[in-house]
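Engineer: Sequence:
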Amino acid sequence: MLASLLQGEAPKQEPELAPELVLEWHAPPTCPDAEDVRTRLATYLGDDALPRSHRASGTISPDATGWSLRLVIDGELRELHSPRCETLGDAAAVVLSLAMDPERVPPPEEPPPVVTPIVARSAVAPSPALRPITGRVRRSRLGLRVDGGVSGGIAEVST
Numbered sequence: 000m001l002a003s004l005l006q007g008e009a010p011k012q013e014p015e016l017a018p019e020l021v022l023e024w025h026a027p028p029t030c031p032d033a034e035d036v037r038t039r040l041a042t043y044l045g046d047d048a049l050p051r052s053h054r055a056s057g058t059i060s061p062d063a064t065g066w067s068l069r070l071v072i073d074g075e076l077r078e079l080h081s082p083r084c085e086t087l088g089d090a091a092a093v094v095l096s097l098a099m100d101p102e103r104v105p106p107p108e109e110p111p112p113v114v115t116p117i118v119a120r121s122a123v124a125p126s127p128a129l130r131p132i133t134g135r136v137r138r139s140r141l142g143l144r145v146d147g148g149v150s151g152g153i154a155e156v157s158t
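Just so you know, we're using numbering that gives the first Met the number 0 here: the sequence shown kicks off at 0 and counts up by one.
Possibly wrong hints are sitting among the right ones.
Quick list of simulated restraints, FRET-style, between CB atoms [what the hints assert, rightly or not]:
no.	residue 1	residue 2	range
1	S52	P116	49 to 57 Å
2	P82	E19	28 to 36 Å
3	A63	H25	13 to 21 Å
4	P28	P112	42 to 50 Å
5	T64	R37	20 to 28 Å
6	L76	P110	33 to 41 Å
Derived from the structure by calculation, the hints contain no laboratory data.
Cβ coordinates follow ideal geometry from the N, Cα and C atoms, glycine included.
Whenever a hint applies, use it, and build me the whole structure from the sequences.
Structural biologist: Listed below in C-alpha cells is the structure:
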C-alpha cells in the first residue's frame, strides 16, 4: 500500500458494506421477533453487498386458520398464512431475500438424516410359495376354450 502511494497510484478502495435493511416488525411474544428474521435473512443472503437499501415492515397476527403475516417490502404487499407463527418468521426471511436479491439461489437445505431400518431376520428360510419372483416371467400359450350351443328341431317318435 505504501509503495502504491509513493508511486502516485490511488489506493484500492475497500468494498462497501451491504446496504441496510430497515425492518419494522410486529409480532406476539410467542412468534419470531425482528432479530430472528434478520438472523434467518443473513443465512439466505450471505455477506455479499446488495445494490440498494430496502425498507420492509411485517406484522404477524392470529387469524381463523392459525397465523397471518402482512409483509410490505419497498411498498409491495405480500400476505402469508400458516398454522404456526414460527414458520412465518422463516417465510418472511425467504421472501425478503428474494425481493432484495432475486438472482441469488438460496443455499440448499440439509437433507434429512438417512435412517436405515433394522429388519428382523428369521431363522427359518421362507417357504418356496413365499419367495419373491425374480427374473423374467414366462407367459404360457396354453388355454382352455369352452363352446356350447342349443339347437331345436322336430324328431319322430315311434310308438
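Engineer: Confirm or reject each hint.
Structural biologist: Consistency of the hints with the structure:
{"no.": "1", "hint": "S52 to P116: 49 to 57 Å", "verdict": "52 Å, holds"}
{"no.": "2", "hint": "P82 to E19: 28 to 36 Å", "verdict": "33 Å, holds"}
{"no.": "3", "hint": "A63 to H25: 13 to 21 Å", "verdict": "20 Å, holds"}
{"no.": "4", "hint": "P28 to P112: 42 to 50 Å", "verdict": "32 Å, violated"}
{"no.": "5", "hint": "T64 to R37: 20 to 28 Å", "verdict": "27 Å, holds"}
{"no.": "6", "hint": "L76 to P110: 33 to 41 Å", "verdict": "34 Å, holds"}
The earlier numbered hint that this structure contradicts is number 4, and it is the only one.
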